[in-house]
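Line by line, the protein sequences are chains V and R. At the far end of the first sequence sits residue 211, using the numbering used here, and the numbering has no gaps. At the far end of the second sequence sits residue 599, using the numbering used here, and the numbering has no gaps.
No lab work stands behind these hints, which were simulated from the structure alone. Bear in mind the structure is a predicted one, so any value in this text is a computation, not a measurement. No residue lacks a Cβ here, since even glycine has one placed at the ideal position from N, Cα and C. Check the hints yourself; a few may be wrong.
Which bits of chain R does chain V cover? Going by a derived footprint, with three or more residues having C-beta under 8 angstroms, they are [said to hold, decoys possible]:
hint, stretch
1, 372-386
2, 515-529
3, 554-563
Here are the computed lysine to any residue pairs in the SDA-like style, where the Cα-Cα straight-line distance is at most 25 angstroms [said to hold, decoys possible]:
hint, chain 1, residue 1, chain 2, residue 2
4, R, LYS503, R, ALA313
5, V, LYS45, R, GLU592
6, V, LYS146, R, PRO595
7, V, LYS146, R, LEU596
8, R, LYS215, V, LYS45
9, R, LYS405, R, SER248
10, V, LYS21, R, ASP494
11, V, LYS8, R, ALA582
12, V, LYS146, R, ARG558
13, V, LYS21, R, ALA597
14, V, LYS8, R, PRO595
15, V, LYS8, R, GLU585
16, V, LYS189, R, LEU550
17, V, LYS189, R, ALA597
18, V, LYS21, R, PRO595
19, V, LYS86, R, PRO595
20, V, LYS145, R, LEU596
21, R, LYS295, R, GLY264
22, V, LYS8, R, ALA531
23, V, LYS8, R, ARG528
24, R, LYS215, V, HIS15
25, R, LYS215, V, PRO4
26, V, LYS8, R, ARG591
27, V, LYS45, R, PRO595
28, V, LYS21, R, GLU592
A few chain V residues that face chain R, going by a derived Cβ cut-off under 10 angstroms, partial list only [unchecked claim]:
hint, residue
29, ARG14
30, PRO25
31, VAL40
32, LYS45
33, PRO48
34, PHE58
35, GLU59
36, ALA64
37, GLY70
38, THR171
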Amino acid sequence: MTFPYSDKVLEHFRHPRNVGKIENPDGNAMEGSPACGDMVGVHIKVDPKTKRITDIKFESYGCASNIATGSIITELAKGKTIEEAKKISWKEASEALGGLPPIKAHCSVLAVEGLRSAIQNYEERHGLVKDQKPTTVEVVRGRLKKVMNPLSGLDLVRTELVKDITVDKGTVHITVDIPADHQFASNIKDEIMEKIGPLWDVKKVEVVFTE
Amino acid sequence: MIEKTVYLDNAAATRMDERVLEAMTPYLFETYPVATSEFGYSLGIEAREALEGAREELAYHIGASGEEFIFTSGSTESSNLALKGVALALGEKKGRHIIVSAIEDFPVLHSARALEKQGFSVTYLGVDSEGLIDPEKLRDAITDKTILVSIQHANQEIGTVQDIETIGRICGKSGVLFHTDATHTFTRMPLDSKKVKVDLITVSPHTIHGPKGIGGLYIRKGTPIAKWMDGGFQEFNLRAGLENIPGAIGFAKAVDLVTPEENERIKVMRDHLIDRVSAEVPDTTLNGHRSKRTPQNANITFHFVEGESITLHLDMRGFAVSTGSACFSRSLEASHVILGIGGDHERAHGSIRFTFGRYNTMEDVDAVVDAITEVVSQLREISPLARK
Chain V
1 MTFPYSDKVL EHFRHPRNVG KIENPDGNAM EGSPACGDMV GVHIKVDPKT KRITDIKFES
61 YGCASNIATG SIITELAKGK TIEEAKKISW KEASEALGGL PPIKAHCSVL AVEGLRSAIQ
121 NYEERHGLVK DQKPTTVEVV RGRLKKVMNP LSGLDLVRTE LVKDITVDKG TVHITVDIPA
181 DHQFASNIKD EIMEKIGPLW DVKKVEVVFT E
Chain R
212 MIEKTVYLDN AAATRMDERV LEAMTPYLFE TYPVATSEFG YSLGIEAREA LEGAREELAY
272 HIGASGEEFI FTSGSTESSN LALKGVALAL GEKKGRHIIV SAIEDFPVLH SARALEKQGF
332 SVTYLGVDSE GLIDPEKLRD AITDKTILVS IQHANQEIGT VQDIETIGRI CGKSGVLFHT
392 DATHTFTRMP LDSKKVKVDL ITVSPHTIHG PKGIGGLYIR KGTPIAKWMD GGFQEFNLRA
452 GLENIPGAIG FAKAVDLVTP EENERIKVMR DHLIDRVSAE VPDTTLNGHR SKRTPQNANI
512 TFHFVEGESI TLHLDMRGFA VSTGSACFSR SLEASHVILG IGGDHERAHG SIRFTFGRYN
572 TMEDVDAVVD AITEVVSQLR EISPLARK
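Could you build the full structure based on these sequences and the hints that come with them?
This is how it looks when you write it as structure tokens:
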């Protein structure tokens with residue numbers, strides 16, 4: 001019988017490493033949403049002097065590839081500097097696991113994005129963003145592509161739920177095309193705040209709903 | 212691999228009963244010829260008589276006569292013939308509107324979609340949170356152009372059993388043909404074409420320890436239906452192709468072996484599983500109707516965790532179950548049934564279907580509940596959605 005997963009994947013799936021949360025993390029991020037069936041949360045502690053990741057933990061709601069990739073990236077990233085950790089690619093994670101089924105790429109790529117976003121979150125929180133490009137409508141739109149529309153499992157931009165974006169003197173104003181009393185309205189709002197709030201020059205985020 | 216698998220996916224396929232194979236064997240090695248007419252050779256006449264005997268027996272189980280029952284290659288072909296055959300016979304004459312429920316299994320659902328592409332209009336009737344259609348809504352959906360209503364007897368995933376007596380009455384009064392897919396109820400629950408005004412019924416033995424590759428379609432006498440599998444004149448000139456006589460014999464034997472006692476035993480296992488899980492595992496939802504459900508089906512969502520992870524863990528411990536999660540399917544689409552009963556994606560992703568059969572025991576039920584309790588709590592430990 002050929003099984004779609006390598007022994008290494010199954011081993012990490014059965015015994016995932018570095019699971020859970022970190023109290024007062026220096027950086028953290030959550031990628032994915034319940035709607036698309038996969039979520040990965042990554043939490044990191046960073047040594048302020050050496051910029052090395054001293055502790056890393058992950059959480060996962062997802063299938064075997066999602067869990068195994070979450071586990072392996074914590075092993076790969078631990079002890080690395082944030083610059084080194086940023087460079088960990090999906091390919092590297094996949095190779096470390098002895099390969100992943102191509103159809104599961106989507107589920108496993110989330111863990112890699114989760115790590116990068118957690119590092120980005122750390123840099124934003126600690127004023128370390130190097131080339132501080134001013135936040136534009138395009139930058140905001142790019143970030144909103146990571147906010148899922150739970151109704152379809154696709155992102156807000158692709159499902160055309162973002163009706164309008166304005167950026168003015170540090171205030172980002174976003175209009176979302178669903179009623180305010182919609183079952184997912186508050187979830188979507190929270191996710192938007194989480195994604196846009198940490199941008200270095202953003203002081204205020206306003207999310208309004210149509211109707 | 213684990214030596215013994217506890218198999219709880221009997222809605223998908225079942226282990227064939229040895230007695231079925233025994234009944235089929237002579238028709239593979241002795242009476243193997245084609246079913247000839249009564250003017251053929253002896254072995255061929257014998258083969259034909261055996262085929263007709265199986266047909267009579269199967270028809271009898273749904274209160275029909277032999278000429279109202281044709282053999283096909285399985286449920287999929289039966290439902291295709293029901294929908295497309297009626298569409299072909301009545302599309303020009305009467306109208307081009309068909310009604311199906313939104314949670315039908317793929318043979319009906321995708322036949323309806325194929326007809327839509329041919330210019331038919333299809334109403335996909337929604338269901339309530341337990342999977343039941345509203346007969347009033349069905350009544351409202353019927354127009355003078357409606358030629359066929361196809362609503363399953365019971366659902367393949369959540370086991371909800373529709374009130375087909377009422378549905379049949381509504382269709383009968385409106386002069387609309389009624390097809391029901393009874394793949395998951397045939398012999399497990401009563402279904403009598405004399406009591407229910409149903410014109411076409413899809414049945415198959417693959418869910419009751421019979422062979423694969425054979426199925427049946429009940430067609431009430433006088434039902435307008437056109438042939439679309441062209442070839443010879445077999446099956447009352449409705450379905451061409453060499454008859455699968457060993458399959459037909461196995462089908463009849465499989466039906467013969469199902470007893471009311473077995474159905475009761477299966478139902479007790481189902482209830483034991485549902486009761487234990489709801490008492491012992493927090494944050495679960497039973498999908499489908501609590502009492503209007505097939506005896507063999509339990510479908511439960513384990514919230515905050517994803518189904519493929521559950522099934523993989525269970526597989527490694529020797530249990531075979533299925534899930535409505537997108538990750539498990541070939542298409543990476545979440546179950547249309549769970550979404551159809553108003554569940555969100557999270558509910559579909561965490562849904563596990565347990566279906567029981569002849570070879571399961573109460574020990575199996577206890578073992579799978581113990582295993583899933585452990586697996587779910589382990590997965591919730593790492594889930595960001597779980598309440599801790």
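- request: Using 10 angstroms as the Cβ threshold, decide whether PRO25 (chain V) counts as touching chain R.
  value: 13 angstroms, violated
message: Next pair to validate is LYS45 (chain V) with PRO595 (chain R); report whether the Cα-Cα distance is within 25 angstroms.
response: Answer holds: LYS45 (chain V) to PRO595 (chain R) is near 18 angstroms, not above 25 angstroms.
- request: Verify the proposed pairing of LYS21 (chain V) with ASP494 (chain R), using a straight-line Cα cut of 25 angstroms.
  value: Holds, at about 22 angstroms.
query: Under the criterion that the straight-line Cα-Cα distance not exceed 25 angstroms, is the pair LYS405 (chain R), SER248 (chain R) satisfied?
result: Distance ~31 angstroms between LYS405 (chain R) and SER248 (chain R) Cα, so the pair is violated.
field: Proposed proximity, LYS45 (chain V) with LYS215 (chain R) (alpha carbon, max 25 angstroms)
entry: Status violated; Cα separation ~46 angstroms.
- request: Quickly compare the C-alpha distance for LYS45 (chain V) and GLU592 (chain R) to 25 angstroms and report which way the hint goes.
  value: Satisfied, since the Cα-Cα distance of roughly 21 angstroms is no more than 25 angstroms.
Holds or violated: LYS8 (chain V) to GLU585 (chain R), with C-alpha atoms at most 25 angstroms apart: 22 angstroms, holds
message: Just to be careful, I want the Cα atoms of LYS8 (chain V) and ARG528 (chain R) compared with a cutoff of 25 angstroms; is the pair within it?
response: Cα-Cα ~18 angstroms, so holds.
message: What's the verdict on LYS21 (chain V) and ALA597 (chain R), does the C-alpha distance respect the 25 angstroms limit or exceed it?
response: 13 angstroms, holds
message: Holds or violated: the hint that GLU59 (chain V) contacts chain R, with Cβ atoms closer than 10 angstroms.
response: 4 angstroms, holds
Restraint outcome when ARG14 (chain V) is required to lie within 10 angstroms of chain R by C-beta distance: 7 angstroms, holds
- prompt: Is it true that the CA of LYS21 (chain V) sits at most 25 angstroms from the CA of GLU592 (chain R)?
  reply: With a Cα-Cα distance of about 11 angstroms, the restraint between LYS21 (chain V) and GLU592 (chain R) holds, given a limit of 25 angstroms.
In this structure, the earlier hints numbered 1, 8, 9, 21, 30, 32, 33, 38 are contradicted, and the remaining ones agree with it.
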